[in-house]
Amino acid sequence: MTSLTLVRRIRARPAVVFAALTSAEGIAHWWGPDAGPVLFAESDARVGGAFRVRFRMLDGSEHESTGRYLELVPPERVVMSWQWTLGGDPDERGEVSRVVIELAPIEPGTELTFTHERLQTEAARGSHERGWAGALHKLERYLAAGT
Amino acid sequence: MVKYRPAQLDRTFAALIDQTRRAILARLEREDGVTVSALATPFPIKLPAVMKHLDVLEDAGLITRSKEGRTVTVRLRPQPMRDALDWLRRYERFWSRSLDRLAEYAEREDAAARRAGR
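Those protein sequences? They're chains A and B, same order as listed.
Under the numbering used here, think of the first position of the first sequence as 36, with each following residue one higher.
Under the numbering used here, think of the first position of the second sequence as 49, with each following residue one higher.
Isolated chain B (complex conformation) (with noise of 0.2 Å):
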């Protein structure tokens, strides 16, 4: 129905099996821009550790890294996850366009039925 790129959608939604990554990420909507240390302190896991989430990330599109000094600030890159949920959504999309299409085609025709007495 719509044109996706599969290779992308799989890198998206590998990225998003993991519930550390999904942590980060719901951390950096809430947030723009979180250095890494920071963003490492809730988890239980060690800093490499934490740091081969954020390369997963990258790699898949869905953060930026920028450095300055010593200081990394990691961002969201959100394009990646519109497209995933529009792929999500693409039936809900195709109903949706369809069945208000419908209600205004069937109100036409109640209408010219009512004048014309039926």
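If we strip away everything but chain A, and leave its shape as in the complex, we get (with noise of 0.2 Å):
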């Protein structure tokens, strides 16, 4: 299993922050990983509620995910639990992971980190035992020069 982290420095107030993650409106402005739409975005945010968004890539391909918050700490802190219910990631079928999202107040707004944790990926288990993962990250800088 492995984890990802990520931070953001956002000029925005904790409050708006944590509307923006949790309404479905919000939701439909920023959830995906290209330019591609979200066709549909729910959001029935306390405590065991349900989200459920799909959204289109650019090169046309449909993808929804699905989970339940686990925890809501206006705003403060969203743990969800995460899990493919359309395209997506076959290394993921089936699977749930977990994200979890904290919020701290700074100056000028709102400190965010963004973890998602659990995910069964081959590539964890390869980082892991093999040390691969480590081999390719060390080409990196070659690789970003391009040839």
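Hint data in this document are derived by calculation from the structure and do not stem from the laboratory.
Note that this is a predicted model, so its numbers are computed, not measured.
The beta-carbon is built from N, C-alpha and C at its ideal position, and this holds for glycine as well.
Some hints could be false.
Some but not every residue of chain A turned toward chain B, in silico, with C-beta under 8 Å [unchecked claim]:
#: 1; residue: Ala59
#: 2; residue: Gly61
#: 3; residue: Glu77
Using C-beta positions, here's what the derived DEER-type ranges look like [stated by the list, open to error]:
#: 4; chain 1: A; residue 1: Ala59; chain 2: B; residue 2: Arg162; range: 21 to 31 Å
#: 5; chain 1: B; residue 1: Thr121; chain 2: A; residue 2: Leu121; range: 18 to 28 Å
#: 6; chain 1: B; residue 1: Ser144; chain 2: A; residue 2: Glu99; range: 36 to 46 Å
#: 7; chain 1: A; residue 1: Phe75; chain 2: B; residue 2: Asp58; range: 33 to 43 Å
#: 8; chain 1: B; residue 1: Glu116; chain 2: A; residue 2: Val73; range: 49 to 59 Å
Beyond 10 Å from chain B on every Cβ pair, some chain A residues (computed) [to be verified]:
#: 9; residue: Ile45
#: 10; residue: Arg48
#: 11; residue: His64
#: 12; residue: Gly67
#: 13; residue: Asp69
#: 14; residue: Leu74
#: 15; residue: Arg81
#: 16; residue: Gly102
#: 17; residue: Tyr104
#: 18; residue: Glu106
#: 19; residue: Val135
#: 20; residue: Ala139
#: 21; residue: Glu142
#: 22; residue: Leu147
From these two lone chains plus the hints, build me the complex, please.
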């Protein structure tokens, strides 16, 4: 298993960021890996409530993920379960991972720490057991330079 | 999320499992174009064993070999590794772009709320 952590500093108050994260209207504005549209977003933002988001990528493929809110502490913390229900990632099919988002007030706004935990990818296993992910990352400078 | 070719990924990762092969690739990253004999020198294994590793790397598309006279020069072919790295990072890309848009949206919302006196 592996996890991924990303941090963003946002010039908006934590309450505004929290609403953008957990409201259906907010989710529809930002969810997805490229400029393709969110097709629909549903969010029942209370503990035990569900969310469902479907998006279309620029290549035309459609993907949907769903989950439940496990913790909601406005405007500080969101924990949700997360799985693909359409398309997505074959490695994660049927697997439930977990997203943890923490919001801290900073000047001038919010520091958002995003963690996607318990990803069951082959990459994660290989990375730990075989070391090849490390080998790839070492080559990154070369790869970034292009040829 | 993104279309990948699983067979090529398997070949890439299978090639990268071996420490000697990783060392060869790391050297080719530092030096563009190394002869087979120069490549073999640092390893405590015999030349035929090195040649077998080079066969695996070439089959996986990670290197090319070109022959001039009696000298064979080995070069790195980065595309399969670039694809493998993209695959490893697919969640990072997914969330990174999503969070960038989340930040833009929240900043617009906050600015609009402040203008409205909220």
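Hint by hint, work out which the structure violates, then give me just those numbers in ascending order. 1, 3, 5, 6, 9, 10, 11, 12, 13, 22
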